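Build the full structure now, drawing on both the sequences and the hints.
Chains as they are written, first to last, in the working numbering: chain A, 1 to 140; chain B, 141 to 234.
Just so you know, the hints here were simulated from the structure itself, not pulled from any lab data. Treat the hints with caution; some may be incorrect.
[Unchecked claim] Simulated crosslink set (DSSO-like; lysine-lysine; CA at most 27 Å straight-line):
(1) B:K220 <-> A:K69
(2) A:K62 <-> B:K231
(3) A:K13 <-> B:K144
(4) A:K62 <-> B:K220
(5) A:K62 <-> A:K13
(6) B:K220 <-> B:K231
(7) A:K13 <-> A:K69
(8) B:K196 <-> A:K70
(9) B:K220 <-> B:K144
(10) A:K13 <-> B:K220
(11) B:K231 <-> B:K196
(12) A:K69 <-> B:K198
[Unchecked claim] Computed footprint of chain B on chain A, listed as stretches where at least three residues anywhere in the stretch have a Cβ under 8 Å from a Cβ of chain B:
(13) 12-22
(14) 33-44
(15) 53-63
(16) 72-80
Note that this is a predicted model, so its numbers are computed, not measured. All C-beta atoms, glycine included, are put in the ideal place defined by N, C-alpha and C.
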Amino acid sequence: MKINDVILRTVVKAVVFIILTLGVYLFFAGHNAPGGGFIGGLVLGSAVVLLYLTYDIETVHKGMPFDFKKVAAFGVLLATGTAIGSIFFNVPFLTQAAREFHFPLLGETHLSTVMIFEAGVALTVIGTLVTIILSISEDE
Amino acid sequence: MIEKILLISLVLFMIAIALLLYRVIVGPSMPDRAIGLDTIGVNLISSIAIVSILLKTKAFLEAILILGILAFIGTIAFSKYIERGVIVERKSNR
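So, in structure tokens, the structure goes:
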């Protein structure tokens with residue numbers, strides 16, 4: 001029997017980009033407002049799960065050829081790897097630094113190494129979430 | 141005055157969620173339960189919006205967005221499970 005889900009596929013094509021935008025906004029808002037790496041990673045991961053629900057595993061793997069276990073492992077490596085910088089400056093473990101920079105087009109920008117740590121957390125959450133969903137929803 | 145109206149509507153939303161909870165638990169068929177869960181999500185979004193009006197804050201707007209996304213994905217997953225019995229397919233047959 002042929003399955004007709006044109007409406008779902010058409011809606012999801014637009015909605016996935018809205019969800020990804022919200023995830024990236026939550027990731028960058030995390031410094032002074034609700035948000036951060038964990039919640040941003042959860043929203044980004046739910047966008048990937050929505051793609052897996054609407055399409056099938058082979059179609060999504062054609063577009064995103066990642067092994068999500070390796071994504072989670074790389075995220076943990078990145079998050080703990082930010083601790084290496086604190087060794088060279090004789091400060092406590094996992095100390096993070098922040099500074100104001102002046103860019104030509106953007107003006108005064110607040111940059112900190114916590115961003116790299118948060119990116120690692122987000123990658124870990126995406127990898128773990130997608131791996132769990134794919135493992136528990138597999139038939140046989 | 142407006143505060144009283146908002147409080148009354150909040151109480152009505154809570155009563156609606158309680159009735160929907162009855163439908164989710166007892167509901168004779170599975171589509172009833174899926175529709176009930178989706179409507180609970182919509183009612184939760186509305187009551188969060190009313191709470192944020194009452195408290196005069198913008199802090200809950202992200203919670204509304206995320207709840208909307210999760211209710212959408214949950215409803216799709218439930219209906220796909222009811223319709224086909226499998227949630228994530230390995231290869232679609234078309």
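Would you mind confirming whether the straight-line C-alpha gap from B:K220 to B:K231 stays at or under 27 Å? Roughly 15 Å separates the two Cα atoms, so the pair holds.
Does the alpha-carbon distance linking A:K69 and B:K198 stay inside the 27 Å limit? violated (37 Å)
Holds or violated: are the alpha carbons of B:K231 and B:K196 at most 27 Å from each other? Violated, because 49 Å separates the two Cα atoms, which is more than 27 Å.
Check whether three or more residues of the segment 53-63 of chain A sit with their beta carbon closer than 8 Å to a beta carbon of chain B. holds (count 7)
Is the Cα-Cα distance between B:K220 and A:K69 27 Å or less? holds (26 Å)
Does B:K220 lie within 27 Å of A:K62 when you go C-alpha to C-alpha? Judged against 27 Å, a Cα distance of about 22 Å means the pair holds.
Is A:K62 close enough to B:K231, meaning Cα to Cα at most 27 Å? Roughly 12 Å separates the two Cα atoms, so the pair holds.
Please check whether the segment 72-80 of chain A has three or more residues whose CB lies within less than 8 Å of a CB on chain B. It is violated: at least three residues are needed, and the segment 72-80 of chain A offers just 0 whose Cβ sits closer than 8 Å to chain B.
Need the status of pair A:K62, A:K13: alpha-carbon distance at most 27 Å? Roughly 16 Å separates the two Cα atoms, so the pair holds.
Proposed proximity, B:K144 with A:K13 (alpha carbon, max 27 Å): Cα-Cα ~42 Å, so violated.
Checking one constraint from the list: CA of B:K196 to CA of A:K70, max 27 Å. Satisfied? Measuring from Cα to Cα gives roughly 44 Å; hence the hint is violated.
Do at least three Cβ atoms from the segment 33-44 of chain A come closer than 8 Å to Cβ atoms of chain B? Per the Cβ count (4), the hint holds.
Comparing the model with each numbered hint stated earlier shows that hints 3, 8, 9, 11, 12 and 16 do not hold.
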